[in-house]
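Sequence order for the protein chains is V and B. Note that the first sequence covers residues 148 to 869 in the numbering used here. Note that the second sequence covers residues 148 to 869 in the numbering used here.
Source of the hints: derived by calculation from the structure; they are not laboratory data. Hints may contain errors.
Pairs of lysine-lysine residues, derived as DSBU-like cross-links and limited to a Cα-Cα distance of at most 35 Å, are as follows [what the hints assert, rightly or not]:
hint, chain 1, residue 1, chain 2, residue 2
1, B, Lys597, V, Lys630
2, V, Lys598, B, Lys598
3, V, Lys665, B, Lys314
4, V, Lys509, B, Lys665
5, V, Lys598, B, Lys577
6, B, Lys684, V, Lys202
7, V, Lys541, B, Lys684
8, V, Lys598, B, Lys495
9, B, Lys314, V, Lys684
10, B, Lys509, V, Lys598
11, B, Lys597, V, Lys665
12, B, Lys740, V, Lys509
13, B, Lys597, V, Lys684
14, V, Lys630, B, Lys598
15, B, Lys565, V, Lys598
16, V, Lys630, B, Lys684
17, V, Lys577, V, Lys665
18, B, Lys665, V, Lys665
19, V, Lys152, V, Lys369
20, B, Lys598, V, Lys565
21, V, Lys630, B, Lys509
22, B, Lys541, V, Lys541
23, B, Lys748, V, Lys541
24, V, Lys684, B, Lys541
25, V, Lys702, B, Lys541
26, B, Lys598, V, Lys577
27, B, Lys410, V, Lys597
28, B, Lys665, V, Lys630
29, B, Lys702, V, Lys541
30, B, Lys665, V, Lys597
31, V, Lys495, B, Lys598
32, B, Lys410, B, Lys314
33, V, Lys597, B, Lys509
34, V, Lys684, B, Lys509
35, B, Lys684, V, Lys597
36, B, Lys202, V, Lys684
37, B, Lys509, V, Lys665
38, V, Lys684, B, Lys598
All of these numbers come straight from a predicted model, not from anything done at the bench.
One-letter residues, chain by chain:
There are 2 protein chains.
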Amino acid sequence: MIDWKLKDISFNSDNIAWHGNKHLVGNGYMGVRGTLEEYTKEQLVAVNLAGIYDKVGDGWREPVNAPNGFYGYLIVDDEVVKLPESSAEEHYVELDYRYGIFTRCTTWRLMRGNITLKSTRFVSMDDVHVGAIKTEISADFHADVKYVFGIDADVWDINGPHFDIIKVNSNGLMTVDAVTHEKNHNVSVAQKVTVEFPCEVKREEEINKAVASVSFITDLNKKYVIERYFALYTSLDCENPLEAAKEAAVTKAIEGYDTLLEKHKNAWENLWRRSEIIIEGDDKSMEALNYSLYHLHCIAPRHADNLSIAARGLSGQTYKGAVFWDTEMFILDFFIMTEPEVAKKLIKYRIDTLEGAKEKAKGYGYDGAFYAWESQENGFDACSDYNVTDVFTKRPMRTYFKDKQIHISSAIVYAMDKYISLTGDDSILKEGGAETIVECAKFYYSALIKKVCDDRYELRDVIGPDEYHERIDNNGYTNRMAKNTFRIAIEVLENEEYLGAFADREELIGKFSDAFDKIFIQQPDSEGVIPQFDGYKELEDVTVDEVRSRLIDPKEYWGGAYGVASHTKVIKQADVITWLAMYPQDFDLEVMKQNWNYYEKRTEHGSSLSACMYALVACMCNMTEEAFPLFTKSATADLAPGGKEWAGLVYIGGTHPASAGGAYMVAVEGFAGVNFKNGKLNVEPKLPESWKKMSFHITYKNVLYRVEISDNEALVTEVDDM
Amino acid sequence: MIDWKLKDISFNSDNIAWHGNKHLVGNGYMGVRGTLEEYTKEQLVAVNLAGIYDKVGDGWREPVNAPNGFYGYLIVDDEVVKLPESSAEEHYVELDYRYGIFTRCTTWRLMRGNITLKSTRFVSMDDVHVGAIKTEISADFHADVKYVFGIDADVWDINGPHFDIIKVNSNGLMTVDAVTHEKNHNVSVAQKVTVEFPCEVKREEEINKAVASVSFITDLNKKYVIERYFALYTSLDCENPLEAAKEAAVTKAIEGYDTLLEKHKNAWENLWRRSEIIIEGDDKSMEALNYSLYHLHCIAPRHADNLSIAARGLSGQTYKGAVFWDTEMFILDFFIMTEPEVAKKLIKYRIDTLEGAKEKAKGYGYDGAFYAWESQENGFDACSDYNVTDVFTKRPMRTYFKDKQIHISSAIVYAMDKYISLTGDDSILKEGGAETIVECAKFYYSALIKKVCDDRYELRDVIGPDEYHERIDNNGYTNRMAKNTFRIAIEVLENEEYLGAFADREELIGKFSDAFDKIFIQQPDSEGVIPQFDGYKELEDVTVDEVRSRLIDPKEYWGGAYGVASHTKVIKQADVITWLAMYPQDFDLEVMKQNWNYYEKRTEHGSSLSACMYALVACMCNMTEEAFPLFTKSATADLAPGGKEWAGLVYIGGTHPASAGGAYMVAVEGFAGVNFKNGKLNVEPKLPESWKKMSFHITYKNVLYRVEISDNEALVTEVDDM
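With the rest of the complex left out, here is chain V:
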């Protein structure tokens, strides 16, 4: 069995950025990168906030990093002792991913002896505004120790600085009150320290930091414990965030570290009761999978009603903290099956941003709702027309993600439909969902074109999931998803409950039915291969390796008008296969297999959204062994080194929630074979060889089931919610 702990011993400064993601802790309100407390912005420290954005100058709008309440470092015998500058004698970092507890322990050999600093910290899953850190210091000599600590408001930003005003106060309760540039949001942090040994407490001065220190001389090998509590509120939370933060910091300090930790662990335990997946026979898979789920838990917006999940979670400002189709297509299933109330929030975010989607559609001359490719608050599309920088000319390249990746709206409708059919909860329809669905269908209807001489409806000049081929016609996935949108919209319009909502109901039903009938759906060719888009089969047929060998600069973009992949059959990620994963009923197994074999070897898997779709379809085709490495790739996206960190010259590092969600889908829907054909829960397991037993819970139509699989037989038991 696994111990739910990731331990990295020894120190390597090359890993700082990667470990920042790997050792992240979070509670949906904030994500704190797995950096050491003595680090500053140079080491990409971030207390990344959900749903609060800022834009400065010509830079991209991005989420705000809050002042860091975990900040602190040692001075021994007047010498600053910090990583990475002061090399350590011993060092380890440990992430307890069952409970989101980050521990670091470092011993430095100094002139007079060894000193050890161990600190343990978490951001509370019980009260999302709060973080606590317990620091233990011990030395094998009489060290003259000064521990400096507080709140660091000199935060890391990609397109910052975002704080126009930073007020720091280190008298008594330490506070930072910062004001964002664009919208004047207050971001306030208060910190309370508790020290129960004799020491000198002093106010300190550092620019844009609220800092104090405790000074003491150590007894030999005695542990000196410093407990700190910070609270973080913004003006989106309440009217006076500074006061709220101060009050919370004081209250939590009174409650004490152990009590907070207990509550925090209970909150996590509650989450795991419904989501933990036990795999017997393959600890590595069990670890990677549950570690993936840990990340999903860290970023679930349980505290809010109008938030979704960003493509890089709460690991920083990459991808602009924006919500992509990742949420609907890759992440949602996990929450639907383990915590439908979170799934509903994710969907509500889209319903609440319908106006933004309608505005975007209008701006491009469409009707209905064209959802943002990179959605921020109110559905604002943070995506720019120039998303990639040419490595050769250093010029921005015109990209078309924003204006031509029209499949985004269909993903939202697909997700709503799935939510309703798997939870049985159609309340979202009345809460704006029905309108959202119809507006999405109106969008596709307005985008449909036909040749004057032909009656087939088409979607031209689009980008499908595979972004390396831009401005293509009749992307199979997009057209199929649009067709599905028409179907669901018709169902909504025909539902008597929403009769009153649509004045032009009859007309819309007529239009959408016509569109549903006539929209062109790519069909398998004589070899059984479904063309990804019109003309795909005429492209140069080369291997992924051959395409890679044509790179002149390793950072150059494979796509765009002239990329190494653009005019070849090599694709970035699952595209036709994503279609088949969503609609396995469309073709028979032979066609599925044929397409899997055809496309898999032509796929770079250059997106973390790729492997899981291939793994899912492989499972459907009874190709468990082919699926297994792809599952592992998905499940270890944040665990293994070597993730893709660059697109052109743009840094895209961070955690990969979609990959984590994809790993869940493969484990539960693929290997365990959970499906809902004919409106009921079926479990048709196809476990990998090494998985002797597998057990987990899922929620279906408001009933909690325990699924136990052994010898590829499934035992499904209805259980009382625990």
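With chain V's structure known, arrange chain B on it following the hints.
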């Protein structure tokens, strides 16, 4: 008045390529670059052939350069005396552009004294297979002269070599018989020399050259004359081209140089009688304009029925020797008005290549006739999908000239319509023209799309005349030209004479009428500006200079997906203005002026097709002074240095027939104000200030008119054809 001679004194090797174009002689069958006879392929010598193409390996198919029958050089006192290696004491080159006679005269100072070589040459306008060169040698010392001469088959090629077999024979009559790689065409040249002074004649050996020599000792300052005659035939001309060449060379030598020259000059004089334009008060304009017409005469395919004019004439292999829309839109008017029988040939070429155009359409999923962007024999489209090389990566760039520049077919219909209405000769309709027109209309009909939710017909994803903006929707020019195609096709279909030709006549009339009514035509916005395409007005509004200043490499391509101009309002060439030049009746004068002012300052004039259209529309707007420098630019495209010789890394140098034709249009249709409104010849002059008088002839509906303009009054007299 002008002397019809261009004389360049002094020698500069930097000008070799440019002068090759500037001093070209030609007779429609072949063009001989204005290079010296001692030059070889290093100096871009070419005897460029009309209508015979070859492809080797992966290179572009291009026209064949024939073995050079003008080859010859001096050896004096055993020393090779040649330009550019042996620097000259005195040197001039003269082109007589009234008669296409090229003269070079060079004096070298050698150890023992000065020797002068003068040679005069022409390719006969009377017998297009023949060239003659008369070489005069004199020295002011007793020079030991050897003159080596013959046929150089080691020709300059861009994508060659094109001859698989080269048989040379220097015994008696010199011959070269070469066989092309792809289609095994024979290209045969024979040469006969006549020397009427005592000398030693010897066979010589040079690889891939048929060479001989005459040796003699010079008397002081006596002229030694060597006359040579070559004849050139290919297997496209007759069954046994070698025999034909041999026979012709011998026959011409018997006729003698002076007789041949006389016949040649008479043939030219015949051409000038109907085409010469006399301008009093501005010799520079008169020279540039008639020099332009000279170039058009040099490349008119009078000898053939199935040839048209290549975009770089017969100046070499650039632009693949292919026929572009240049012929129909820029060159045709000159021939219609001066030599309608040539105009008819140009049109017949398109009719004869209808099958190729139908095949191309089919290949792209269209109906009807989609003419080649770069048309070679049988309408084969020589245009590649990768026409530009990226200067940064050296990779070929995917361009869309071939597949998306769909306005080409409309130009052919426009030209046919113009030919018929200006000549009154509708015989072309019966000779395949009617079918051609209808097939072009069918092509556009099949390309029309509409939004399902809208009834307006559109042409999307095209390239208009301005190639810097690719893959755009509803290019104003293209849509307008397509609409015109529908109109003309309807007229043809409604013409009772062709009733039998079209089985689906009624149906086609219905479709084309519907298309004519519904095709979207861009309209002036509130400022009176007609958008070049959908979304043009939203592009970055910067100056041409600003765009130029963004270049990193002076040779980089301004267009394509990421070019410096691509996402700005800066355009390569007249686009909306070309529309207005073709359809001045579409908008009132104010709109014309407004668009001229708006677009002219945003135009790079990076194509030789640009200035003349702006000049034409300026004349229509009574802006003669604005038109004048643009006329000069067009008329001097081959006369002035500094032409655009590069597109990315591709050499595009050569002569500019479209510019020459454009200069004619501006002079005759713009300044002289010749038009055919209401079906009759009108002359409404707006001469530039400096043009005191202007006179010329034009043919309209088979009647020859003399037009004399002075004081901006026109006198039009019907004259007997002379």
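Going down the list of hints, with the structure as the test:
1. With a CA separation close to 19 Å, the supplied pair B:Lys597 and V:Lys630 stays within the 35 Å bound.
2. Only pairs whose Cα atoms come within 35 Å are accepted, and V:Lys598 paired with B:Lys598 is accepted, the gap being roughly 9 Å.
3. With a C-alpha separation of about 64 Å, the suggested pairing of V:Lys665 with B:Lys314 is violated against the 35 Å cut-off.
4. For the given pair, V:Lys509 sits about 24 Å from B:Lys665 by alpha-carbon distance, which is consistent with the 35 Å threshold.
5. Distance check on the hinted pair: V:Lys598 and B:Lys577 sit about 31 Å apart at the alpha-carbon level, within 35 Å; holds.
6. In summary, the hint linking B:Lys684 to V:Lys202 is supported, as the alpha carbons are separated by about 27 Å, within the 35 Å threshold.
7. A threshold of 35 Å between alpha carbons decides the hint, and for V:Lys541 with B:Lys684 the separation of about 26 Å falls inside it, so the pair holds.
8. Among the hinted pairs, V:Lys598 with B:Lys495 is consistent with the structure: their alpha-carbon atoms are about 31 Å apart, no more than 35 Å.
9. Between B:Lys314 and V:Lys684 the CA atoms are separated by roughly 46 Å; this puts the pair beyond 35 Å, and the hint is violated.
10. For the given pair, B:Lys509 sits about 15 Å from V:Lys598 by alpha-carbon distance, which is consistent with the 35 Å threshold.
11. Taking the CA atoms of B:Lys597 and V:Lys665, the gap is near 14 Å; set against the 35 Å cutoff, the hint holds.
12. Only pairs whose Cα atoms come within 35 Å are accepted, and B:Lys740 paired with V:Lys509 is accepted, the gap being roughly 33 Å.
13. Pair hint B:Lys597 plus V:Lys684 holds up; C-alpha atoms about 26 Å apart against a cutoff of 35 Å.
14. Restraint check for V:Lys630 and B:Lys598: satisfied, since their Cα atoms lie roughly 16 Å apart, inside the 35 Å limit.
15. Pair hint B:Lys565 plus V:Lys598 holds up; C-alpha atoms about 30 Å apart against a cutoff of 35 Å.
16. Restraint check: the Cα-Cα separation between V:Lys630 and B:Lys684 comes to about 34 Å, which is no more than 35 Å; the hinted pair holds.
17. Only pairs whose Cα atoms come within 35 Å are accepted, and V:Lys577 paired with V:Lys665 is accepted, the gap being roughly 30 Å.
18. A hinted pair counts as satisfied when its Cα atoms are at most 35 Å apart, and B:Lys665 with V:Lys665 qualifies at roughly 23 Å.
19. Between V:Lys152 and V:Lys369, the direct Cα distance comes to roughly 27 Å. Compliance with the 35 Å bound is thereby established for this hinted pair.
20. With a C-alpha separation of about 30 Å, the suggested pair B:Lys598 and V:Lys565 falls inside the 35 Å cut-off, and the hint holds.
21. Simply put, V:Lys630 and B:Lys509 have alpha-carbon atoms about 29 Å apart, close enough for the 35 Å limit, and the pair holds.
22. With a C-alpha separation of about 17 Å, the suggested pair B:Lys541 and V:Lys541 falls inside the 35 Å cut-off, and the hint holds.
23. In summary, the hint linking B:Lys748 to V:Lys541 is supported, as the alpha carbons are separated by about 28 Å, within the 35 Å threshold.
24. Simply put, V:Lys684 and B:Lys541 have alpha-carbon atoms about 26 Å apart, close enough for the 35 Å limit, and the pair holds.
25. With a CA separation close to 17 Å, the supplied pair V:Lys702 and B:Lys541 stays within the 35 Å bound.
26. Proposed proximity of B:Lys598 and V:Lys577 is supported: the alpha carbons are some 31 Å apart, at most 35 Å.
27. Note on B:Lys410 and V:Lys597: the hinted pairing is violated, with a Cα-Cα distance of about 62 Å set against a maximum of 35 Å.
28. The straight-line distance between the Cα atoms of B:Lys665 and V:Lys630 is roughly 28 Å, inside the 35 Å bound, and the hint therefore holds.
29. Under the criterion of a C-alpha separation no larger than 35 Å, the hint pairing B:Lys702 with V:Lys541 is consistent with the structure, at around 17 Å.
30. Between B:Lys665 and V:Lys597, the direct Cα distance comes to roughly 14 Å. Compliance with the 35 Å bound is thereby established for this hinted pair.
31. For the hint pairing V:Lys495 with B:Lys598, the CA-to-CA distance comes to about 31 Å; that is within 35 Å, so the pair holds.
32. Only pairs whose Cα atoms come within 35 Å are accepted, and B:Lys410 paired with B:Lys314 is accepted, the gap being roughly 32 Å.
33. For the proposed pair V:Lys597 and B:Lys509, the alpha carbon gap of about 18 Å is at most 35 Å, so the pair holds.
34. At roughly 17 Å between alpha-carbon atoms, V:Lys684 and B:Lys509 fall within 35 Å of each other, so this suggested pair holds.
35. Between B:Lys684 and V:Lys597 the CA atoms are separated by roughly 26 Å; this keeps the pair inside 35 Å, and the hint holds.
36. With a C-alpha separation of about 26 Å, the suggested pair B:Lys202 and V:Lys684 falls inside the 35 Å cut-off, and the hint holds.
37. Our distance criterion of 35 Å between C-alpha atoms is met by B:Lys509 and V:Lys665, whose separation comes to about 23 Å.
38. Between V:Lys684 and B:Lys598, the direct Cα distance comes to roughly 27 Å. Compliance with the 35 Å bound is thereby established for this hinted pair.
The structure is inconsistent with the numbered hints 3, 9 and 27, although it conforms to all the rest.
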